[in-house]
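Those protein sequence lines, which keep their order, are chains F and G.
One point on numbering: in our numbering, the residue at position 71 of the first sequence is 71, and numbering is uninterrupted.
One point on numbering: in our numbering, the residue at position 167 of the second sequence is 167, and numbering is uninterrupted.
In case anyone wonders, no lab produced these hints; they're calculated from the structure.
Don't take every hint at face value.
Said to hold, decoys possible - Computed beta-carbon distance windows for the label pairs:
1) G/K86 to F/A44: 44 to 50 Å
2) F/E39 to G/E57: 35 to 41 Å
3) G/E40 to F/E109: 52 to 58 Å
4) F/Q88 to G/S35: 26 to 32 Å
5) F/E109 to G/R32: 24 to 30 Å
6) G/K65 to F/S108: 37 to 43 Å
Model, not experiment: these values are computed from the prediction.
The beta-carbon is built from N, C-alpha and C at its ideal position, and this holds for glycine as well.
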Amino acid sequence: MKNIMIVDDATTVRMFHKGVISSINRHIEEAENGVEALEKALKAPIDLFLVDINMPKMDGYRLCQEIRQRDELRSSTVIMISTESAKQDEERAYRSGANFYMSKPVDSEQLKVLVAAILGDAV
Amino acid sequence: MGLKKKNEVSFETESSESERRATARTYEQLIRDLSSCDIEVRRWAIRDLRASGTSDEVFIERLHKETDVTIIEALFSALDRKFSSKTANGMLDLLKSENVQVRNGAIELFQLNPVEFASQIDNIIDDNDPDLRIFCVDIIGAVAHKEATNWLHEIALTDTDINVVGTALDKLTEVGDGTTLEVLPLVAKRHAGNTYIEFVINILYQQLGSADE
Numbered sequence: 001m002k003n004i005m006i007v008d009d010a011t012t013v014r015m016f017h018k019g020v021i022s023s024i025n026r027h028i029e030e031a032e033n034g035v036e037a038l039e040k041a042l043k044a045p046i047d048l049f050l051v052d053i054n055m056p057k058m059d060g061y062r063l064c065q066e067i068r069q070r071d072e073l074r075s076s077t078v079i080m081i082s083t084e085s086a087k088q089d090e091e092r093a094y095r096s097g098a099n100f101y102m103s104k105p106v107d108s109e110q111l112k113v114l115v116a117a118i119l120g121d122a123v
Numbered sequence: 001m002g003l004k005k006k007n008e009v010s011f012e013t014e015s016s017e018s019e020r021r022a023t024a025r026t027y028e029q030l031i032r033d034l035s036s037c038d039i040e041v042r043r044w045a046i047r048d049l050r051a052s053g054t055s056d057e058v059f060i061e062r063l064h065k066e067t068d069v070t071i072i073e074a075l076f077s078a079l080d081r082k083f084s085s086k087t088a089n090g091m092l093d094l095l096k097s098e099n100v101q102v103r104n105g106a107i108e109l110f111q112l113n114p115v116e117f118a119s120q121i122d123n124i125i126d127d128n129d130p131d132l133r134i135f136c137v138d139i140i141g142a143v144a145h146k147e148a149t150n151w152l153h154e155i156a157l158t159d160t161d162i163n164v165v166g167t168a169l170d171k172l173t174e175v176g177d178g179t180t181l182e183v184l185p186l187v188a189k190r191h192a193g194n195t196y197i198e199f200v201i202n203i204l205y206q207q208l209g210s211a212d213e
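With the rest of the complex left out, here is chain F (with noise of 0.2 Å):
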């Protein structure tokens, strides 16, 4: 079974993405900031994290470093969703080592349909 987490502070938004790809049966969990998110994918391997950038005690960006640094989680797939839609915050996400970058509000069914492909699910 793979995992999925959710990072982001807000919790309508959480609990939106939860709803979105609740479709595809996978393990969810969620965080309110990087710090949490680490501590609990450090405990359960996560195999795809969907993650804001502006968050407390830890942002998107440093989150994804850490990710990228850390043997269990280093293969994780992570999709960047943000409100930040400046040219330069993508770009800084990719460095950051996001695979994808989304601007807020997200598409639903765009979401649901690149978690699924990553996954390797059919819709």
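Please build the complex by placing chain G on the supplied structure of chain F, with the hints as guidance.
Chain G alone, transformed into the frame defined by chain F:
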């Protein structure tokens, strides 16, 4: 303590007697020390400048450059001692910092000083940067201010950026009240078809009671 010469500052701080510095430095030296490559020198400069009643602008300016987490904390602690509306105004640009510690430190300090934060609301809400406005909404959501709900209503009703509106609605799930119900139909109409906005509005109706009840 020895006699103080003109332009020298005393080293009185809240720390214990044993932590006091042995030699006096001028204000100009302390300002230079703030940029020292030695963290301990920077830390002492903050303490001594704070004790001398230095302007907040000095600390705010340093926060734009500082990278050490403990020094950033010390600088915010220095600002917190005599936080004013002027301090709050000077700190607005810190919300745009690339350094998450600086940004979060500013957010926390605003949250601890709701009255001074309130004095800057108009400046932030009118800022061109939607990310800054989102940080403002985050602060409003956490700040203990009687106007917090009204501010969130206004932002949800008028902001032009969908993510700012979404963040305001998210915060209303935490601090909204009966008056929020009057706002929701207008926001829903303005952002019809946006699935996230519709999703949060439904949550708010569930929490606060629908208009039909």
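| task | Check the following: the C-beta atoms of F/E39 and G/E57 are separated by a distance inside 35 to 41 Å. | result | Since the Cβ atoms of F/E39 and G/E57 sit about 38 Å apart, the hinted range of 35 to 41 Å holds.
| Can the suggested window of 44 to 50 Å be confirmed for the beta-carbon pair G/K86 and F/A44? | Given range 44 to 50 Å: holds, Cβ gap about 49 Å.
| query | Range hint 52 to 58 Å: satisfied by the CB atoms of G/E40 and F/E109? | reply | 56 Å, holds
| task | Could you see if the CB distance from F/Q88 to G/S35 stays within 26 to 32 Å? | result | Distance hint for F/Q88, G/S35 holds at roughly 27 Å.
| task | Can you let me know if the beta-carbon spacing of G/K65 and F/S108 is within 37 to 43 Å? | result | 42 Å, holds
| said: A range of 24 to 30 Å was offered for this pair. Does it hold for the Cβ distance of F/E109 and G/R32? | reply: 58 Å, violated
Violated hint for the displayed structure: number 5, the only one.
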